[in-house]
Every structure is written in structure tokens, then in C-alpha cells.
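S.K.: Construct all of the structure, not just a fragment, from the sequences and the given hints.
Take a look at the letters that make up each chain.
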Amino acid sequence: MGSLLALLSQPLDDAPTEIARVDVAWSALAPILFLIGGAMVLLLGDALTRLRSARGAYAIVATVSALAAAISALPLWSRIQDADRGPFSTLGEAVGVDGFSLFATFVICAAVVLGALLLDGWLRREGMEGPEPYVLTLLSASGGVMMASANDLIVMFLGLEILSIAVYVLAAMHLRKITSQEAGVKYFVLGAFASAFFLYGIAMTYGATGSTNLVDISAFLSTTVLTDSGLLLAGAALLLVGFAFKVAAVPFHFWTPDVYQGAPSPTVAWMASGVKVAGFAGLLRVFYLGFGSYQLDWQPIVYAIAAITMVAGSVLAIVQTDVRRMLAYSSINHAGFVLVGVQAASEQGVEAALFYLAAYTFMVAGSFGVITVITRRGDVGTGLDDLRGLSRDRPLLALTFALFLLAQAGVPLTSGFFAKFYVITAAVDAGSTWLAVIAMVSAVVAAFLYLRIIVSMYMTSDDELPESRSIPVPLGAGVALALSVVVTIGAGIFPGLLSDRAEDATPVLVREPDPDAVEAPPDPGIQPAP
Amino acid sequence: MLAIAEVTPAWYLVLGSLLFTIGAVGLRVRRNPLVMFMCVELMLNAVTLTFVTFSRMLEDVHGQTVVVFVLVVAAAEVVVGLGIMVALLRKEPEATADDLTVLKG
Numbered sequence: 017m018g019s020l021l022a023l024l025s026q027p028l029d030d031a032p033t034e035i036a037r038v039d040v041a042w043s044a045l046a047p048i049l050f051l052i053g054g055a056m057v058l059l060l061g062d063a064l065t066r067l068r069s070a071r072g073a074y075a076i077v078a079t080v081s082a083l084a085a086a087i088s089a090l091p092l093w094s095r096i097q098d099a100d101r102g103p104f105s106t107l108g109e110a111v112g113v114d115g116f117s118l119f120a121t122f123v124i125c126a127a128v129v130l131g132a133l134l135l136d137g138w139l140r141r142e143g144m145e146g147p148e149p150y151v152l153t154l155l156s157a158s159g160g161v162m163m164a165s166a167n168d169l170i171v172m173f174l175g176l177e178i179l180s181i182a183v184y185v186l187a188a189m190h191l192r193k194i195t196s197q198e199a200g201v202k203y204f205v206l207g208a209f210a211s212a213f214f215l216y217g218i219a220m221t222y223g224a225t226g227s228t229n230l231v232d233i234s235a236f237l238s239t240t241v242l243t244d245s246g247l248l249l250a251g252a253a254l255l256l257v258g259f260a261f262k263v264a265a266v267p268f269h270f271w272t273p274d275v276y277q278g279a280p281s282p283t284v285a286w287m288a289s290g291v292k293v294a295g296f297a298g299l300l301r302v303f304y305l306g307f308g309s310y311q312l313d314w315q316p317i318v319y320a321i322a323a324i325t326m327v328a329g330s331v332l333a334i335v336q337t338d339v340r341r342m343l344a345y346s347s348i349n350h351a352g353f354v355l356v357g358v359q360a361a362s363e364q365g366v367e368a369a370l371f372y373l374a375a376y377t378f379m380v381a382g383s384f385g386v387i388t389v390i391t392r393r394g395d396v397g398t399g400l401d402d403l404r405g406l407s408r409d410r411p412l413l414a415l416t417f418a419l420f421l422l423a424q425a426g427v428p429l430t431s432g433f434f435a436k437f438y439v440i441t442a443a444v445d446a447g448s449t450w451l452a453v454i455a456m457v458s459a460v461v462a463a464f465l466y467l468r469i470i471v472s473m474y475m476t477s478d479d480e481l482p483e484s485r486s487i488p489v490p491l492g493a494g495v496a497l498a499l500s501v502v503v504t505i506g507a508g509i510f511p512g513l514l515s516d517r518a519e520d521a522t523p524v525l526v527r528e529p530d531p532d533a534v535e536a537p538p539d540p541g542i543q544p545a546p
Numbered sequence: 003m004l005a006i007a008e009v010t011p012a013w014y015l016v017l018g019s020l021l022f023t024i025g026a027v028g029l030r031v032r033r034n035p036l037v038m039f040m041c042v043e044l045m046l047n048a049v050t051l052t053f054v055t056f057s058r059m060l061e062d063v064h065g066q067t068v069v070v071f072v073l074v075v076a077a078a079e080v081v082v083g084l085g086i087m088v089a090l091l092r093k094e095p096e097a098t099a100d101d102l103t104v105l106k107g
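These protein sequence lines are chains C and B, in that order.
Going by the numbering used here, the first sequence opens with residue 17, and the numbers climb by one from there.
Going by the numbering used here, the second sequence opens with residue 3, and the numbers climb by one from there.
If you're looking for bench data, these hints aren't it; they were derived computationally from the structure.
Don't take each hint at face value.
Covered stretches of chain C, as calculated for chain B (at least 3 residues, CB under 8 Å) [stated by the list, open to error]: (1) 168 to 179; (2) 193 to 203; (3) 215 to 225; (4) 271 to 282.
With a cut-off of at most 25 Å between alpha-carbon atoms, the simulated SDA-like pairs for lysine to any residue come out as follows [stated by the list, open to error]: (5) C:Lys193 to B:Gly85; (6) C:Lys193 to C:Thr398; (7) C:Lys193 to B:Val88.
Computed, partial: chain C to chain B, Cβ under 10 Å [unchecked claim]: (8) Ala182; (9) Ala188; (10) Asn229; (11) Gly246; (12) Leu249; (13) Arg341.
Glycine included, each C-beta is placed from N, C-alpha and C at the ideal position.
M.R.: Put into C-alpha cells, the structure is as follows:
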């Protein structure tokens, strides 16, 4: 005791240890900060002011914060496209800002806007008004942006968890509905399972390369020949499992139909669009950039996953009778198409995947937007039979739904056609002709599913029609649907508007915050694990 | 006479992988929701052990800082998971994973 006191009373002669400081380019983090800030404003505003009594105030705050996040990314975008300055990294190389991460940021922000607009009327109908769903959507979006711009596997893991944990709650949000709780539990258990695999993958990659930083990993792998690459390949495989779960690729898709059917419809719109974009952004960053020099090892696996995902998604969808379940399988099919772009592992493939994700975000958010509107109180009424008479009761809504379904099928003059066209072209150019053939066959099979929904909306004989019912379209949902229609048709007629942006969105890994600096060689202190 | 083998870092890696496997198998086999949570925790902690071991082998402190992040994430995950589970058990007391069959097809 006495010695301890003596030790404590000793004056500190030595200069205090210098704490390592990192440069923080706050402007580069602005999109994430706006999303988190919007969530905080909603929570505080609800507690301190009378925000609750203003109709639609929550949705407006959420939409404005997502738009602010997107707008704050615009100066970054023009900075990066400037040839003299280019992409850079910040926060001690843990966060990379390049065209790819910004493009994903824009798409995620658009998904937040659509999701928030859909939530507004739905929450009022269900009598569950409150800021929480918007807060959770904004927070999960911040995790998604973090994933898209992570240059370090640990940042990627944190982004993945911020994204996922918020979405688990969103799935289980409908407290009066047992299916929503069940969807939440299933999503949580399988999600936590996949996260553990992802983390184990990071640990193995760390053991094999001596770093969790993607810049270091890719530099290390391109300059060193590992005598035994087993550890690295095991790590890559586990990381792939984690991503495949998030983007709902076969054989890690089991949660998808249950969650899409049970979770509240507007949150499914966010899950199918924003979460998928974030998952693929992370996947491309880790595999295309980080493990780029081990392309020949992971490409065949992604090839196989893409093929079975497309086939299983389209075939299993046919036997379903619930529209949400059908769209869940169709989203699995779409994940397969994006994987076709990923497995090409070329610049063209990445562009195609980005275009696909951007186009799909609006198609799927629109589809689930229509479902949000046509369900009855209690979020029920999504059987195929419930769609009968929709073309009579609400012709415009039926037409909108038909448009989104045809776009998902890949009909020309919609964004879906070019999305499929670009990924298949990228696959053919990369030499994966057979995968392109499988993709086209699965698109034909999936078209049958979309036509089945359209048929039940339009072609029912008069004596089978149910009593006509009024289907109110809330203002927010109407705006979201109109926005989705405009983008889906706009990108179908002028695909260049979107594909040129996707072309500029090249993913790169840069070490230095200074854009003129060249990539430094790997730290010689790093030793591979024995 | 058994020679007492020297404990090398590889032992810890093997232990980590064993714990991870027990957790992964347990999650699929056990039906009690609380035990399933414990299995998730076991998996995460097995990874933590692996990180620390690699950190020691590589003489790099980075692997140990990761552990702090993982602990925080695991805590957040359990809080949310328990919340969801309590909401479900309020509606259906004594539900096990086998009872979650409303959604299927």
C-alpha cells in the first residue's frame, strides 16, 4: 500500500507519451455525419419539441437529412473527378473516398428517401407513428455508407453491424404482428451467425497478411508470394459467406423469403434496396480491390454462386402465392445478376454492377411501395388473389406496379433492360459466356413470375372479382412511386445519364491523403504467419 | 512418460477454431433462443481469441485493438437480440425456434 502511494506521488519526470493522431478530413465524412445527425435531430426533436403533432414531420426531417448527405457528397464527387486531385483516404487510411464509394452513397441516400416517404403513410395507417423507424433507417444507412467507403476490414465490420442491427429492429418493428416478430428473430439469428463468419474471415486475413487495412493487404498480396495461401483463402471464403448472406445469395438466402414476407412492407423496400447496395459495395471493395491479385482464386466461386443464385431465385419464385415472397425470390435472382457483374472482376463489371444496383433500388422500392399501399391495416393482403380487381379499383396504381415488374423482368425502354444488358456484356467480355447464357435463361424464367402477378391484376373474369374497395395512396408514397417511375423509365430511355456516372465511379485504393502521392510499398515489418 | 508439449500459438488458433465450431453447430442444433444467443457470443469470442493470438504472433498491437471493437459490437447485438426475443415471447410464451413456423413456403 505504501509503495503504491509512493508510486502515485512520484512526479512525472518523463514527457508524456505522444498519442498518435490521425488526420480527419471532416468533409469526407459529411455524408455519414448528416445521416447520423438527422437521426439525432429526430430523436431529440421528438423528445423536446412538438414534432409529433406536425403531420409528416418525421418523414420530412429524414428525407432532408438524406438529401443533405447526398448533396454534401457532390463537392467530393467533383473533387475526385478532377484529374489533378483524384481519390484520397482519410482517418489514418481507414476510410477511402473514391468515385465508387460516392456513387454507392448517392444510391443509399436515394433508398433512404424512398423508404422514409413510404413509411410516412404506412405508420399512420397502422397507428404506429413515431420517430424510431426513420431513426433506424438513417442509422442503418450511415452503416451502409461506412461499408461502401471502408478501407479497413474493421471499419467494414463496424459498418456492417451498424447497418444490420438497425435492420433487425426494423424487421421486428410491427409489435402487433407475430409474423413481424418471427421475421425479426430469424433475421437476427442468421444475421449474427453470418457476422461471426465475417469476423472470423477478417481474423484469418489478418493472420495471413498482417494487416486489416485493405491498402496494406492489396499491396502485400501483389508483392509477396505466400508459401501457403490456405489461411488467406479460408479468410476470403469466410468473408464471402458474410457478404453473400447480406446480399441474399444462394445458398445463404434462407432468411430472405421469410423476412420479406413478415417484415413491414416499407422497411422491406429499404432492406431490398439500401442494404443490398451496401452489401455489394462492401463485397466489391474487399474482393475486387483488396484481394484483386487473388482474382483467379475467388472468381470461380463467385461464378458458381452467381449461377445457382440466379437459377434458384427464378425457379423457386414460381411456386409461391404470396407477392412479397415472390418478390423476395426475385430479389435473390437479381442478386445473382449483380454477382455476374462482380465475377467479371473488370472495370466494366464493376460499372455494370453499380448500374444494376442503382436501377434495381428504384424498381424494388417502387414495387414494395405499391405493396405498402395496397395492403390493408395490419399489413395483410399480399396474396396473389388480393391483387384481383386492382386494375379496376386503381388503374394507375396497377399500371405503376406492372411497370416496375416489367422493369424487373428486363423489358426494353426500362432501366431493367440496360441493367441486365450491361452485366451480361461484362460477363461475355470477361469470357464467362456460359454464365451469360444461364443469366438469360433465368431472366426468361423469372419473367414468368412477373407476368403471373400482372395477370392476376388485370385478367380476372368479372364474376371472380371481389367487391371494389378504396385504396388510398398517401402523399409520401405517391411521391416515392412517382420518383421511382421517373427514374425507371428515364434510365431506360437515356441510360447514358446513369451509366456515365457509373463509369466515373471507379473503385481505387489509395494510401495517402495527398492525391498526388503514389502508392507506397508495403511495410517491411509485416511478416506472413507461419 | 509423456513429453509435455510446448504450448505454441497454434494451440490457441486450434482452440479458437474449436470454440467457433461449437458455437456454429450449437446455433443450428439448439432450439432455446437464449442458448442460441450464447452460441453467437461463443463464436464472437472465439474470433477474439484468434485475433489476440495472431496479434501476438505478428507482434502487432492492431489485432488487440480489434477486440475492443468486437466486444462493443457483441454487446449491442445482444441488447437488440434480447429485445426482439422479449417482444416475441410476450406474444408467444415459451416459444422455441421450432415454433417459428408461421412464415414458410
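S.K.: For every hint, state whether the structure bears it out.
M.R.: How the hints compare with the structure:
Coverage of a stretch by a chain is defined here by at least three residues with a beta carbon nearer than 8 Å to that chain's beta carbons; for the region 168 to 179 of chain C and chain B the count is 4, and the condition holds. Chain B is given as covering the region 193 to 203 of chain C, and this holds because 8 residues of the stretch bring a CB closer than 8 Å to a CB of that chain, at least three being needed. With a cut-off of 8 Å between beta carbons, the region 215 to 225 of chain C has 7 residues touching chain B; three or more are needed, and the interface restraint holds. Look at the region 271 to 282 of chain C against chain B: 4 of its residues bring a Cβ nearer than 8 Å to a Cβ of that chain, three or more, so the hint holds.
Annotation: proposed proximity of C:Lys193 to B:Gly85 holds, straight-line Cα distance about 15 Å (limit 25 Å). Of the pairs offered as hints, the one joining C:Lys193 and C:Thr398 holds, with about 15 Å between alpha carbons and a cut-off of 25 Å not exceeded. For the given pair, C:Lys193 sits about 14 Å from B:Val88 by alpha-carbon distance, which is consistent with the 25 Å threshold. Nearest Cβ of chain B to the Cβ of C:Ala182: about 9 Å, under the 10 Å cut. The hint holds.
A distance limit of 10 Å between C-beta atoms decides the matter here; for C:Ala188 the minimum to chain B is near 5 Å, and the interface restraint holds. Below 10 Å, beta-carbon pairs count as interface contacts, and C:Asn229 has one with chain B at about 9 Å; its hint therefore holds. Against a cut-off of 10 Å between C-beta atoms, the interface hint on C:Gly246 is violated, since the closest Cβ of chain B lies about 12 Å away. With 10 Å as the threshold, the beta carbon of C:Leu249 stays out of range of chain B, its nearest partner Cβ sitting at about 15 Å, so the hint is violated.
Satisfaction of the interface hint for C:Arg341 is found here, the shortest Cβ-Cβ separation to chain B being roughly 6 Å, below the 10 Å cut-off.
Figure legend: structure checked against the earlier numbered hints; hints not met, in rising order: 11 and 12.
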